[in-house]
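Chemist: Each chain, written out:
2 protein chains.
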Amino acid sequence: MPRNPLLELPSPHMTSRAPAQFATLKRPPAYLQVSERIRAAILGGQIPAGELLPTETELATQFGVTRSTVREAIRLLEQGGLLGRAGRKRLAVRLPSLESASRSISVAMQMHRVTFKDLWEISMGLEPLAARLACATLDAQYTALLAANLERTRAAFDDDLEMLEAEIEFHDLVARATRNHALLLAREPLNLLFYPAYRPVIERLKPGKRILESHQKIFEAIRRNDPDTAAEWAEKHMRDFRRGILMAKLDFDGPVAATYSEGTSRTA
Amino acid sequence: MPRNPLLELPSPHMTSRAPAQFATLKRPPAYLQVSERIRAAILGGQIPAGELLPTETELATQFGVTRSTVREAIRLLEQGGLLGRAGRKRLAVRLPSLESASRSISVAMQMHRVTFKDLWEISMGLEPLAARLACATLDAQYTALLAANLERTRAAFDDDLEMLEAEIEFHDLVARATRNHALLLAREPLNLLFYPAYRPVIERLKPGKRILESHQKIFEAIRRNDPDTAAEWAEKHMRDFRRGILMAKLDFDGPVAATYSEGTSRTA
DNA sequence: GGTGATCTATTGTCCGACAACGGGTCAACG
DNA sequence: CGTTGACCCGTTGTCGGACAATAGATCACC
Numbered sequence: 001m002p003r004n005p006l007l008e009l010p011s012p013h014m015t016s017r018a019p020a021q022f023a024t025l026k027r028p029p030a031y032l033q034v035s036e037r038i039r040a041a042i043l044g045g046q047i048p049a050g051e052l053l054p055t056e057t058e059l060a061t062q063f064g065v066t067r068s069t070v071r072e073a074i075r076l077l078e079q080g081g082l083l084g085r086a087g088r089k090r091l092a093v094r095l096p097s098l099e100s101a102s103r104s105i106s107v108a109m110q111m112h113r114v115t116f117k118d119l120w121e122i123s124m125g126l127e128p129l130a131a132r133l134a135c136a137t138l139d140a141q142y143t144a145l146l147a148a149n150l151e152r153t154r155a156a157f158d159d160d161l162e163m164l165e166a167e168i169e170f171h172d173l174v175a176r177a178t179r180n181h182a183l184l185l186a187r188e189p190l191n192l193l194f195y196p197a198y199r200p201v202i203e204r205l206k207p208g209k210r211i212l213e214s215h216q217k218i219f220e221a222i223r224r225n226d227p228d229t230a231a232e233w234a235e236k237h238m239r240d241f242r243r244g245i246l247m248a249k250l251d252f253d254g255p256v257a258a259t260y261s262e263g264t265s266r267t268a
Numbered sequence: 001m002p003r004n005p006l007l008e009l010p011s012p013h014m015t016s017r018a019p020a021q022f023a024t025l026k027r028p029p030a031y032l033q034v035s036e037r038i039r040a041a042i043l044g045g046q047i048p049a050g051e052l053l054p055t056e057t058e059l060a061t062q063f064g065v066t067r068s069t070v071r072e073a074i075r076l077l078e079q080g081g082l083l084g085r086a087g088r089k090r091l092a093v094r095l096p097s098l099e100s101a102s103r104s105i106s107v108a109m110q111m112h113r114v115t116f117k118d119l120w121e122i123s124m125g126l127e128p129l130a131a132r133l134a135c136a137t138l139d140a141q142y143t144a145l146l147a148a149n150l151e152r153t154r155a156a157f158d159d160d161l162e163m164l165e166a167e168i169e170f171h172d173l174v175a176r177a178t179r180n181h182a183l184l185l186a187r188e189p190l191n192l193l194f195y196p197a198y199r200p201v202i203e204r205l206k207p208g209k210r211i212l213e214s215h216q217k218i219f220e221a222i223r224r225n226d227p228d229t230a231a232e233w234a235e236k237h238m239r240d241f242r243r244g245i246l247m248a249k250l251d252f253d254g255p256v257a258a259t260y261s262e263g264t265s266r267t268a
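Sequence lines, in order, name chains A and B.
Counting with the numbering used here, you get residues 1 to 268 for the letters of the first sequence.
Counting with the numbering used here, you get residues 1 to 268 for the letters of the second sequence.
Be aware that a few hints might be false.
As the list makes no split between identical chains, a pair holds if one copy fits it or if it spans any two.
[Said to hold, decoys possible] In silico DMTMM-like links for lysine to aspartate or glutamate, alpha-carbon gap of 25 Å or less:
no., residue 1, residue 2
1, Lys206, Glu162
2, Lys206, Glu51
3, Lys117, Asp139
4, Lys236, Asp226
5, Lys209, Glu51
6, Lys217, Glu58
7, Lys117, Glu235
8, Lys209, Asp240
9, Lys117, Glu232
10, Lys89, Glu36
11, Lys117, Asp226
12, Lys249, Glu220
13, Lys117, Glu151
14, Lys89, Asp251
15, Lys209, Glu151
Simulated from the structure, these hints should not be mistaken for lab results.
Using the sequences and the accompanying hints, generate a full structural model.
Modeler: Right, dumping it as structure tokens:
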């Protein structure tokens, strides 16, 4: 069968029809087994989100291992965002998404030395798409949120950092307006890596006016349910983006730097 | 007020400019601090990928904590894919991507009940984009790989499962040909969730011929460096996709099912 | 009703111990 | 010479028990 281990580099979808050879049989350590069992229970729906898990000692006796082992298993799931706890309290099942998944994505991207150009290319695919999709799903709530964001942007002409945040928020809101969770996940790395790297551009070029204009055009197009125009303006906006980067003499083909501001953001 | 726990819904980019109120001061537990320190060291480039870390006991003395604590910290990073070990050997830094990141993404997507439609919409953004970008970067290697894939597809008209794998492989190869790592990461969920769910369509409608045709058109357009045509055909191909799903009476608006075949794939 | 004292359950951290396993060396064996 | 086995050592996986710190509940007190 395929599925032979020990390969990480080639495409995981290549069928390496291995010849007659034995796969290295694996006897996973206990903490992994425990972790998998719990994960399966959660994904299988046995433990609904929000529910509390048994205490560590309880789990230890149930699985027949020590508490240390259980704790290691818990840490695995905790990082994935499947489990979590507020403060020093009991363990709870939670549904992971924004923080957990996207954080690991952006870490992976940094390690792979993803370039500015790479992220920009994706933005050229996703941002117009988001604007287009939002036309069909925009509701009163997001209309208000977007309007507020435009106001915020207008008020931030003198505050670079605020302007950057507003810019990020706008694109995020448009994506959220689509109600497409997969799109949100795919876009998160842009929020975490791409846009923050735009900061020097804002500081040097002060493109606030131009940004606001683009956002307004996009917003208006979405609101009057005009997908093509919305997408077109979004694309134009992204092209402005690249122009700004080039004019600010940032290294467009170099790896995007790690913002890495928030150290331990595990508050929730 | 900001940062109150137990909420996962609002945008993390909203500026909760907190009024005069104190944030719950946090003293993160030791295993978290250790984990963060190691993570920072890796991301900061102090420890290059592939390098070995000190042994657990060594780390324990360095950080001034017990081995148990170090182990818990390690588990956190291990899940994220930043660290890993082959078998029972020493700890090594590795660069995470395909498995680790994308696994957590797809888990998150399942938990959030991402629908077929959601994924399809993203495909409409990314697949044409990939085809377009590949035009500029296609080299001899990927030309050969794609040609081989077409041959494989042609030979798989009678083998549904093989056809499915070939189909996935084709799109994956096109994306890889772009050399855009970010694109690969963004697309992984499609490989893991979207395309596999296409299996019933293949079994019922036997669209092999039509798939092959589309792939050929796309490939040819890429090879003769014709981005617009390549993107156009890719888009057409994705539309076929949806039509197939609808004709096979799959629930287009329902949450995409979990494949979840491989349990403990932590071999490498 | 709010405040404080008390108690218990649970987590975070420590310590020490041992078996299992990987990897090396080296001699014996064919 | 290559293979096998015996042996040793470093490291990981797992164990058991221990204790301080904290969260949550209970109850008396003003």
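Chemist: Going through the numbered hints above, which ones does this structure break? Give me the numbers in ascending order.
Modeler: Structure breaks hints 2, 5, 6, 12, 13, 14.
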